[in-house]
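Chemist: Kindly generate the complete structure, drawing on both the sequences and the hints.
Residue numbers (my numbering), protein chains in the order written: chain V, 1 to 268; chain P, 1 to 268; chain G, 1 to 268; chain L, 1 to 268.
The set of hints was computed from the structure by calculation and includes no laboratory data. Any given hint might turn out to be false.
Sample of chain V residues at the chain P side, in silico, Cβ under 8 Å [claimed, not checked]:
1. Asp2
2. Gly9
3. Gly44
4. Asp45
5. Thr155
6. Arg163
Heads up, simulated DSS-like pairs for lysine-lysine below, C-alpha to C-alpha not over 27 Å straight-line [to be verified]:
7. L:Lys229 / P:Lys229
8. P:Lys85 / V:Lys229
9. P:Lys215 / V:Lys85
10. G:Lys215 / L:Lys34
11. V:Lys215 / P:Lys229
12. G:Lys229 / L:Lys215
13. L:Lys34 / L:Lys85
14. P:Lys248 / P:Lys229
15. V:Lys229 / G:Lys229
Quick caveat, the model's predicted, so the values are computed rather than measured. C-beta: ideal position from N, C-alpha, C; glycine also.
Number of protein chains: 4
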Amino acid sequence: MDNSWGKDGVRVSKIIRGEPNDEFFEATAHITLKGDVEAAYQDGDNSNVVPTDTMKNTVYAMAQDHLTADLESFARSLVEHFLAKSGVDEVSVELASTRWDRVGDQGFTGGHGERRTTRVASDGNSVRVEGGISGLVVLKTGASSFSGFPKDEYTTLPETDDRILATSVEATWIYDPTPSDTTATWSLVRTSLIDGFFDESSASIQHQGWQMATKVLEAVPEITEISFKLPNEHHLPFDLTPLGLEDKKIVFQPVNEPFGDIRFTVTR
Amino acid sequence: MDNSWGKDGVRVSKIIRGEPNDEFFEATAHITLKGDVEAAYQDGDNSNVVPTDTMKNTVYAMAQDHLTADLESFARSLVEHFLAKSGVDEVSVELASTRWDRVGDQGFTGGHGERRTTRVASDGNSVRVEGGISGLVVLKTGASSFSGFPKDEYTTLPETDDRILATSVEATWIYDPTPSDTTATWSLVRTSLIDGFFDESSASIQHQGWQMATKVLEAVPEITEISFKLPNEHHLPFDLTPLGLEDKKIVFQPVNEPFGDIRFTVTR
Amino acid sequence: MDNSWGKDGVRVSKIIRGEPNDEFFEATAHITLKGDVEAAYQDGDNSNVVPTDTMKNTVYAMAQDHLTADLESFARSLVEHFLAKSGVDEVSVELASTRWDRVGDQGFTGGHGERRTTRVASDGNSVRVEGGISGLVVLKTGASSFSGFPKDEYTTLPETDDRILATSVEATWIYDPTPSDTTATWSLVRTSLIDGFFDESSASIQHQGWQMATKVLEAVPEITEISFKLPNEHHLPFDLTPLGLEDKKIVFQPVNEPFGDIRFTVTR
Amino acid sequence: MDNSWGKDGVRVSKIIRGEPNDEFFEATAHITLKGDVEAAYQDGDNSNVVPTDTMKNTVYAMAQDHLTADLESFARSLVEHFLAKSGVDEVSVELASTRWDRVGDQGFTGGHGERRTTRVASDGNSVRVEGGISGLVVLKTGASSFSGFPKDEYTTLPETDDRILATSVEATWIYDPTPSDTTATWSLVRTSLIDGFFDESSASIQHQGWQMATKVLEAVPEITEISFKLPNEHHLPFDLTPLGLEDKKIVFQPVNEPFGDIRFTVTR
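Modeler: Structure follows, in structure tokens:
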């Protein structure tokens, strides 16, 4: 009976700390095994069925030492690991990695479909002209802390002064007056947002956002108000100690859901 | 400064055990707070910033006693909980729940866009006619175990004889000959798949799939071969004990990624 | 050289007029050809390259006589048509059809992931409780006209008293007071929406929406206000006369973009 | 009664021919009107209901003269146009434009989430190592023709020697042996694909793909075989003559569905 089992959608990210540059890697893995498991189908005998949960754990366990830009090499390590299991005859590992462009020592931008946006509205008397940007993905591996927050009976989040901060910036702003060259102005806003994210330390995503807003308002006098949506795209530390490993605190699990939903408006 | 913070995409599911019927509830929550947090933006002072991670925990903590079909009531409990926090002035909670239709005591079907599919291929000599179904979402709250699997240094999954089993069935099959009424036959296959999932206990998703395949082959003599993709749509137990609660084992976290990827073909 | 060419994402819908029942069919087609086209790759010689645009046209042309619930039969007709072309050696046709449930003689509901929603918001003084529904897909093949609209130099839309009207209903409403059984009330709203769509003729989607709102307000005294988003999910008539066919006005092209975006609020 | 009507998802693209550089612009528009249309809701009187189909036409009509990188200006022109209509009180226009980076005089790359991929598979004896790329969006405004194809009774596509050619490249290739620096090799493949698309004229997407494959095989001796999926992302000419305009052949409608689906493998 032709069959396979595996785990898809295993997302992993990793920092390699350096002087002065941090390296950042991420990938989504799809593991597929084939082997001698007909008894699992017909008799419910799982003795050769490597759990797909173990496959997931293995990706994180091996990422600590093996995940680099050389995706083929990491895939090969995973293939060899699973081929050694009892009852496993064939293994394939697929990895996919989005593109990240470096900004400074600890910063990266990535593309989820960055867009320039505008909205113009009028009731015949006054006209409101807005510029905007969405899908500007930014991530940094340092200069971000979160502590001093209130704790209650349901709080489990530890305080941290060292985390990955990542968001997909959506910002809209009001022009008054509209600048003569909106394209050049838009580029200046984009640069200011990037500077405000990467050049300044922050105590929260709100604090980071304030600095992004400040940079924009300083750079573009025609902007009277700017509004942000800053979803907190979490990269959760993946605890390797239950796997019997020393946890070097460099392996993370990026998650889509749930996500922090931060919104604010700064008026000049 | 107008602003809000919150957590979106918080997915929770819950079983209420009954005799003879289990109830199953699920919802996706979006929590939004407003309050006195300007200092967080301007000075990095987080003393009033309820962490969005705590919001997430609270959804699971309160779901154990409060999540039912009465979404409005659960939302209201959450609103009151957060309104009592220091520095919080306004709260909104949005919940969304997909539709689940009961099948028997412990079974449910849900719709992610169920589709009937076909594929016909020919090289001029022979014609291959395939029927198919995709997006048939099935979930059961009992009669599903997973144990006896191999363990290695990276295995953390506990054995279980009581879990939620859920998948979105994608199946294609070869007709030879093609039945005269393909629509009636397709309905018979669909019924057989549902019976094979809900009427039979299983030791794994592979084992469950085998029983689905068997039901189809028994019911439709014109089908010579059937192939399945059965993604394991995990509902992970959410451990409430770190929140200081008795864990009644009825609250779960549905996750999209990663997912188990199970594929097989059964030939008559 | 192994290669194939084809057209994917060809969406077609069709009405078969009947007494008293109309039948409605829809499918998305994926055509794939293989054949003797190496010269196209290496020399730019297209003499055997059936244009993928022609494949698209053929789906609409043949749908008029051949598209029914028997998807396998329609696929087979398409396969035979393309196999007869010069230089074509192998053909495969894949079709997928979503599920539509009949409501009355000319009405259908379909599932794009229908959801029950709620939103509760409070500032500590007053509480606002909203119920809602999204993803309720409804379509009817009669009792819908659109005429008497203003024309300008850019208007090409003909007036019509006979069209497919389809939308995915998103509605939210305010409860005051909140009913004791919100689940029963939600079901009553859903039924009222369906009745307002299918039981009443309309001169526009706005006019249809008004009748849906009216039905809800009549049925549920606790609802003080209801708001709608009614995207107009167009099924465009596909003109078959350029293909040399009598156009029986029963073949349509469903399109996702662009779509009419209709929003309104009715307060009691 | 608070209400609005409009058209969302109106996609438009445009070429401004230049020497030596063509400019390429694209945007997705969302038009929203408010006005005196209560009679449409309550009485089915459409005399003030500007059809959303007319809104769509207007975007294409005005794009010919007004769409540039200055999105705000184009939005403003649309706002003024609709504000002049009888019974229209308020207008808003939202535009969004993805980022396109220039490659040469007539070429552009855009980002839909470009990814580097790999797949490694083994049965314990031999290991197959594949590299890959997906989501590499390329578009050119010249050097692309399609003619000499077979015509039948359903063919309506005109021959053309001047069209927009756009695709999202998905390619995978087999390494034997695996190069020592897979990251440098991947970049070389990416450059070769871009050169093969932009530096060479083509008579079809198949012909273009052949030249991309050839460039890669010339550049990287370790690649023994390369496979492509090249969806033809159509930008359809939008005929402005029914709108009473001279058609300068510079305005297009990008469509997602249907799309040409071209696949092939070239072995050294």
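Chemist: Compare the structure with each hint and give your call.
Modeler: Outcome of the hint check:
no.	hint	verdict
1	Asp2	5 Å, holds
2	Gly9	3 Å, holds
3	Gly44	3 Å, holds
4	Asp45	7 Å, holds
5	Thr155	5 Å, holds
6	Arg163	12 Å, violated
7	L:Lys229 / P:Lys229	23 Å, holds
8	P:Lys85 / V:Lys229	24 Å, holds
9	P:Lys215 / V:Lys85	32 Å, violated
10	G:Lys215 / L:Lys34	24 Å, holds
11	V:Lys215 / P:Lys229	51 Å, violated
12	G:Lys229 / L:Lys215	51 Å, violated
13	L:Lys34 / L:Lys85	11 Å, holds
14	P:Lys248 / P:Lys229	33 Å, violated
15	V:Lys229 / G:Lys229	23 Å, holds
In terms of the numbered hints stated before, the structure departs from hints 6, 9, 11, 12 and 14, listed from lowest to highest.
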